[in-house]
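Model the full structure from these sequences, guided by the hints.
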Amino acid sequence: MIDFALRVPAEVATYFTWGWVSVSVPNLIVIVTMIALFVLALLLPFPRDRHDSRNDS
Amino acid sequence: MNAETAGSHETAPATTWIGRTREYLERKLPYEKLLPETQPSYVASWIYVFGVLTLGALAMIVLSGALLSLKGPAWYHVSSTGLFANSLHYWSVQLFFMFMVIHMAGKFWMAAWRGKRAKTWITGVVAFVVSIGAGLTGYVLQTNFDSQWIAFEAKDGLNASGIGAWFNVANVGQDMLIHVFLLPAVIAVIVAIHVLLVRVHGVVPPIDAAKIAEVPILQQTPQAEEAR
Numbered sequence: 001m002i003d004f005a006l007r008v009p010a011e012v013a014t015y016f017t018w019g020w021v022s023v024s025v026p027n028l029i030v031i032v033t034m035i036a037l038f039v040l041a042l043l044l045p046f047p048r049d050r051h052d053s054r055n056d057s
Numbered sequence: 001m002n003a004e005t006a007g008s009h010e011t012a013p014a015t016t017w018i019g020r021t022r023e024y025l026e027r028k029l030p031y032e033k034l035l036p037e038t039q040p041s042y043v044a045s046w047i048y049v050f051g052v053l054t055l056g057a058l059a060m061i062v063l064s065g066a067l068l069s070l071k072g073p074a075w076y077h078v079s080s081t082g083l084f085a086n087s088l089h090y091w092s093v094q095l096f097f098m099f100m101v102i103h104m105a106g107k108f109w110m111a112a113w114r115g116k117r118a119k120t121w122i123t124g125v126v127a128f129v130v131s132i133g134a135g136l137t138g139y140v141l142q143t144n145f146d147s148q149w150i151a152f153e154a155k156d157g158l159n160a161s162g163i164g165a166w167f168n169v170a171n172v173g174q175d176m177l178i179h180v181f182l183l184p185a186v187i188a189v190i191v192a193i194h195v196l197l198v199r200v201h202g203v204v205p206p207i208d209a210a211k212i213a214e215v216p217i218l219q220q221t222p223q224a225e226e227a228r
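Protein chains in written order, with this note's numbering: chain A, 1 to 57; chain B, 1 to 228.
Think of the hints as simulated: they come from the structure by calculation, not from any bench. Virtual Cβ for every residue (Gly too), placed ideally from N, Cα, C. Do not take every clue at face value.
Some chain B residues close to chain A (C-beta under 10 angstroms, calculated; not the full set) [said to hold, decoys possible]:
#1 A44
#2 S45
#3 V49
#4 F50
#5 L83
#6 F84
#7 A85
#8 Q94
#9 F97
#10 M98
#11 F99
#12 V101
Here are the in silico distance ranges between beta carbons for each label pair [to be verified]:
#13 A/E11 / B/I132: 53 to 63 angstroms
#14 A/V32 / B/F181: 33 to 43 angstroms
#15 B/R20 / A/R48: 42 to 52 angstroms
#16 A/V30 / B/W113: 21 to 31 angstroms
#17 B/T15 / A/V30: 54 to 64 angstroms
#18 A/T33 / B/W17: 45 to 55 angstroms
#19 A/L43 / B/K71: 37 to 47 angstroms
#20 A/T17 / B/W149: 48 to 58 angstroms
#21 B/W149 / A/R48: 48 to 58 angstroms
#22 A/R48 / B/A118: 49 to 59 angstroms
#23 B/D146 / A/R48: 43 to 53 angstroms
#24 B/E26 / A/V32: 28 to 38 angstroms
#25 A/T33 / B/R20: 43 to 53 angstroms
Below you can see the structure in the form of structure tokens.
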């Protein structure tokens with residue numbers, strides 16, 4: 001019972017530390033995903049409207 | 001009554017504050033601006049999608065949150081369906097913040113406050129800040145060890161900033177009411193103003209395209225079809 005009470009039912013995340021920068025893996029995943037989505041949003045072509053594609057052909 | 005007299009109320013000058021408000025809204029936000037069918041060509045970019053993605057995530061947050069508030073913690077902490085709804089709420093929040101940050105970054109780098117759009121930018125920033133408060137109160141409402149740690153870390157920060165005089169983060173009842181009523185109401189009002197301001201001023205053009213911003217390419221109107 002005491003053993004159960006002492007065990008904290010929450011996973012502690014792994015942290016990356018570079019000098020004063022300290023970031024957990026879950027937070028790093030979110031940050032990298034956001035940057036990737038931002039870059040992809042700028043680079044990926046937007047699908048054209050079907051009226052436009054009809055005229056282009 | 002002929003057609004001329006029937007439509008006379010549209011041209012008669014307003015004599016009351018209701019009429020003046022109507023005239024102001026008709027001038028600032030005609031139906032063509034409120035519900036536009038066409039957008040300038042530069043809107044055909046993925047970076048312009050993240051605003052509406054943020055709104056979509058917000059809708060999911062509100063719907064799942066309404067379900068959680070109706071069923072209560074005994075449901076969403078225990079039953080499998082309740083846990084699913086709880087997770088839906090949580091992950092909608094994750095997407096909401098991700099989309100909002102990308103939306104804000106895109107608008108920041110295109111200086112979206114240009115062209116008298118300062119209020120649009122400011123309301124967006126205020127919505128972001130209030131959302132952080134909603135996120136904090138939501139994390140604390142998990143009522144687990146994680147929320148306990150967050151609450152007592154946040155308590156020091158809130159006390160240091162003076163907010164602790166009005167908001168005790170360890171008071172679950174106060175936290176619950178702020179999370180499910182006060183902050184959602186504030187966010188709803190701010191987001192509504194933000195979207196209406198976007199409609200009033202239009203979507204901000206890229207910096208290079210500012211001078212040719214009004215050239216419509218995504219035509220869907222019958223007139224545009226005939227012109228071809």
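Verification of the supplied hints:
1. A44: holds, 5 angstroms
2. S45: Interface hint status for B/S45: holds (5 angstroms vs cutoff 10 angstroms).
3. V49: Holds. Min distance 7 angstroms.
4. F50: Interface hint status for B/F50: holds (7 angstroms vs cutoff 10 angstroms).
5. L83: At 15 angstroms from the nearest chain A Cβ, B/L83 fails the 10 angstroms test, so the hint is violated.
6. F84: For B/F84, the interface hint is violated, since the closest Cβ of chain A sits about 20 angstroms away, which is over 10 angstroms.
7. A85: violated, 21 angstroms
8. Q94: holds, 7 angstroms
9. F97: Interface hint status for B/F97: holds (8 angstroms vs cutoff 10 angstroms).
10. M98: This hint holds: B/M98 lies near chain A, its Cβ roughly 5 angstroms from the closest one there, short of 10 angstroms.
11. F99: holds, 9 angstroms
12. V101: holds, 6 angstroms
13. A/E11 / B/I132: 53 to 63 angstroms: violated, 24 angstroms
14. A/V32 / B/F181: 33 to 43 angstroms: Distance hint for A/V32, B/F181 holds at roughly 35 angstroms.
15. B/R20 / A/R48: 42 to 52 angstroms: holds, 44 angstroms
16. A/V30 / B/W113: 21 to 31 angstroms: Given range 21 to 31 angstroms: holds, Cβ gap about 27 angstroms.
17. B/T15 / A/V30: 54 to 64 angstroms: Cβ of B/T15 to Cβ of A/V30: about 56 angstroms, so the range 54 to 64 angstroms holds.
18. A/T33 / B/W17: 45 to 55 angstroms: holds, 49 angstroms
19. A/L43 / B/K71: 37 to 47 angstroms: holds, 43 angstroms
20. A/T17 / B/W149: 48 to 58 angstroms: Taking Cβ atoms as reference, A/T17 and B/W149 lie about 19 angstroms apart, which means the hint is violated.
21. B/W149 / A/R48: 48 to 58 angstroms: At 50 angstroms between Cβs, range holds.
22. A/R48 / B/A118: 49 to 59 angstroms: violated, 33 angstroms
23. B/D146 / A/R48: 43 to 53 angstroms: holds, 46 angstroms
24. B/E26 / A/V32: 28 to 38 angstroms: violated, 48 angstroms
25. A/T33 / B/R20: 43 to 53 angstroms: Roughly 49 angstroms apart at Cβ, these two residues keep to the hinted range, so it holds.
The structure is inconsistent with the numbered hints 5, 6, 7, 13, 20, 22 and 24, although it conforms to all the rest.
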